[in-house]
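Listed below, chain by chain, are the residues.
Number of protein chains: 2
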Amino acid sequence: MRAEIIAVGTELLLGQVVNTNATFLSEKLADMGIEVYFHTVVGDNPQRLEELLQLADTRSELIILCGGLGPTDDDLTKNVLADHVGVPLVQNTEGLEALNAFFAQRQSTMTPNNLRQIETLQDGIPLPNRTGLAIGCLYKGEKNNYILLPGPPSELKPMFLEQARPLLEKEFPTTEKLTSRVLRFFGIGESKLVTDLAEMIEQQSNPTIAPYAKPNEVTLRITAKTEDELSANALLDQTEAEIMAKVGEFFYGYGEENSLVEVVVDLLKENNLSITAAESLTAGEFQATLGTISGVSEVFPGGFVTYSKETKVSFLGIDSALLDRVGVVSEECAKEMAEAALRLAGTDYALSFTGVAGPDELEGKPKGTVYIGLAQKEGETLITENHFTRDRSYVRHSSVMKGLDMLRRAILNKN
Amino acid sequence: MRAEIIAVGTELLLGQVVNTNATFLSEKLADMGIEVYFHTVVGDNPQRLEELLQLADTRSELIILCGGLGPTDDDLTKNVLADHVGVPLVQNTEGLEALNAFFAQRQSTMTPNNLRQIETLQDGIPLPNRTGLAIGCLYKGEKNNYILLPGPPSELKPMFLEQARPLLEKEFPTTEKLTSRVLRFFGIGESKLVTDLAEMIEQQSNPTIAPYAKPNEVTLRITAKTEDELSANALLDQTEAEIMAKVGEFFYGYGEENSLVEVVVDLLKENNLSITAAESLTAGEFQATLGTISGVSEVFPGGFVTYSKETKVSFLGIDSALLDRVGVVSEECAKEMAEAALRLAGTDYALSFTGVAGPDELEGKPKGTVYIGLAQKEGETLITENHFTRDRSYVRHSSVMKGLDMLRRAILNKN
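If you read the sequences in order, they're chains A and B. For what it's worth, UniProt numbering labels the leading residue of the first sequence as 1, then goes sequentially. For what it's worth, UniProt numbering labels the leading residue of the second sequence as 1, then goes sequentially.
No lab work stands behind these hints: they were computed from the structure. Honestly, I wouldn't trust all of these hints.
In this list, chains with the same sequence are indistinguishable; a pair is considered to hold if it fits within one copy or across any two.
To be verified - Restricting the straight-line Cα-Cα distance to at most 27 Å, the calculated cross-link-like pairs of lysine-lysine (DSS-like) are:
{"#": "1", "residue 1": "Lys246", "residue 2": "Lys414"}
{"#": "2", "residue 1": "Lys269", "residue 2": "Lys309"}
{"#": "3", "residue 1": "Lys309", "residue 2": "Lys377"}
{"#": "4", "residue 1": "Lys225", "residue 2": "Lys170"}
{"#": "5", "residue 1": "Lys225", "residue 2": "Lys309"}
{"#": "6", "residue 1": "Lys192", "residue 2": "Lys269"}
{"#": "7", "residue 1": "Lys140", "residue 2": "Lys214"}
{"#": "8", "residue 1": "Lys170", "residue 2": "Lys140"}
{"#": "9", "residue 1": "Lys28", "residue 2": "Lys170"}
{"#": "10", "residue 1": "Lys309", "residue 2": "Lys192"}
Modelling step: build the complete structure from the supplied sequences, incorporating the hints.
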């Protein structure tokens, strides 16, 4: 099936917003074996959008429209598509209930323009919005098919993954099925991974091997094209084993929506272990990352943000004279912070982060110098010295990811 | 002048690369008063690119092509455009010198395909590449004008800013200039803001008013079209005053790259004030947000993450019996947390966050119920009860933003 993606929004043409939706959808559609031939961005202009739809009809069987489903007058995507295919807009009952509940909960009055968000094409399949109010739609036309998705990525992504993708797979089944498996790696860069697997990647045909670099991790998607799932899994198992023989030491988990923090929290839960932290340069980002996981309270009681030297002394009871002697950007400081946090929180593990986020250097150490400590109730305190690159935000993120990986390896080594 | 941007590259259609070039160019062109009506992405396919050029000729006077100027066989943008306008490609002398110097410096042999990079359209104006090898081009056709730019942003940006933009300004001088101002609002939703400003937005012509919703904030871009900057600012001042009369209570700052946390950290620094926090449901996200700002150590010594009831008692010294009586999702708990943090950190302000991030309810309170406390060295502790919507991540982000706004208002009220 040939597809194209149309993003609607003047803010995109003014350069205020990057069209990451097209990138996200393209990646997911490629995985489904749907070929995307064009991305287009058009402003909030009904005539130009209609002209574009006429053109898209001549070249694509699946036309995905993103943005312009909101409550304001310049949100016109739905109206233009309804006119284009010649059906009226109707209110979606579930959407209306969600809208009323939203305003009731906020104890505020709904203005009438909000009702625009829950209108959808008559005879279309409505796509509920779990993270927002605007309803999406899959409309099967005589010749072509259209999907309407909201513009904010926080709404578009779950709506595509949870609503649109399963519908597409059901409505347009293919005889040859693509079965994918995602392997996730931490601690190896994309170019190193690709070099280590060069021979496999060059000779790939079925399964295909596609590496993706993400901040501080690399994923490999291996995809088999077969007629049944059983033979797909056999093919994937074999390729995975070959990959693992080469770069298995960096593998941490499976799955598209997985993450290092989820793997670590699961490991803590399974082993009935707990974690705390004392954070300097990361300023709470490690703990906030734990907090993204629902139910983390089982394994994480809380911890400390000791950004200044003074709070390292007053919150954690570290000897001020020691810090004056060795500096806060030091192995010793990381050790003291982790051990004090472990003692105060009474957990099985405690991570500490101290270093130079940048942009300026600190205590004569260049930006990116980070000491991470892992104190253990049973076992010695482990310290790593790291030299992270790029900007302040990347140094902090790299620190959090490295801390998670140290904890993951410590739990695995224990077992 | 009407413009459109065409990005060429199959990697964009596979979702491996985000089309940030279109965003960058759009922003710069908007500043020059050049209106961008379309972005398109097309793969490395000569036929589809030629069809797109034919379409672009019918609707744009300036057509900017990005990508596909490199040395490999799938770099075909230059060849397709040369055929399209009917001129041959010629080698660029300066480009050839730079290419030879590059290979001499690396002491490696140049393969013949590298010569493709320094070819340019006969009769076109070559655009030197300061940060790479591929030569760009401005080609003035009979009816339309074309610019060829390289795909890597590190080459495209300097080539556009240093070569293409001055040429465009010289070749196509405009009398009218666009001047923009961005106003930022917190605490008002996009639909409410648009309703409050409905009359102004309907009657807008010059300046134009464009609202844009971001997570937990709304921005308004007002843009004046004038012949000089002085009259532009007068127009913008008048429109801003009208906007402020209606929704000024929600305004927090100016600028496209600004944020609530930057405004708050600046206010703390200017007034020589300091902040700490005790975070339950946000689990460190407030403090990590402060940590994104370079130099925040002047005003933020550190704080506490008290995720469990036990750490609220052991880290902060809150009475366990009190928490059993009133619950942790309570005004009283927020008050105790903020006041304890203030006392322990010795700062001027302390924020506390306690509530239900979700997905499940807690202590009989629905998800999204959040109490935020602001203890002050001088003045009473302020508490807000909030009912945030959407998912766990949005509830936590809403809490952080609301806490920042409470702090901002407290500092402003003090002065």
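To see whether the hints hold, each was checked on the structure:
no.: 1; hint: Lys246 <-> Lys414; result: within (24 Å within a copy, 62 Å between copies)
no.: 2; hint: Lys269 <-> Lys309; result: between (33 Å within a copy, 19 Å between copies)
no.: 3; hint: Lys309 <-> Lys377; result: both (25 Å within a copy, 22 Å between copies)
no.: 4; hint: Lys225 <-> Lys170; result: within (18 Å within a copy, 51 Å between copies)
no.: 5; hint: Lys225 <-> Lys309; result: neither (57 Å within a copy, 52 Å between copies)
no.: 6; hint: Lys192 <-> Lys269; result: neither (33 Å within a copy, 44 Å between copies)
no.: 7; hint: Lys140 <-> Lys214; result: neither (35 Å within a copy, 32 Å between copies)
no.: 8; hint: Lys170 <-> Lys140; result: within (13 Å within a copy, 50 Å between copies)
no.: 9; hint: Lys28 <-> Lys170; result: within (16 Å within a copy, 44 Å between copies)
no.: 10; hint: Lys309 <-> Lys192; result: neither (38 Å within a copy, 45 Å between copies)
Taken one by one, the earlier hints fail for this structure at numbers 5, 6, 7 and 10, listed in ascending order.
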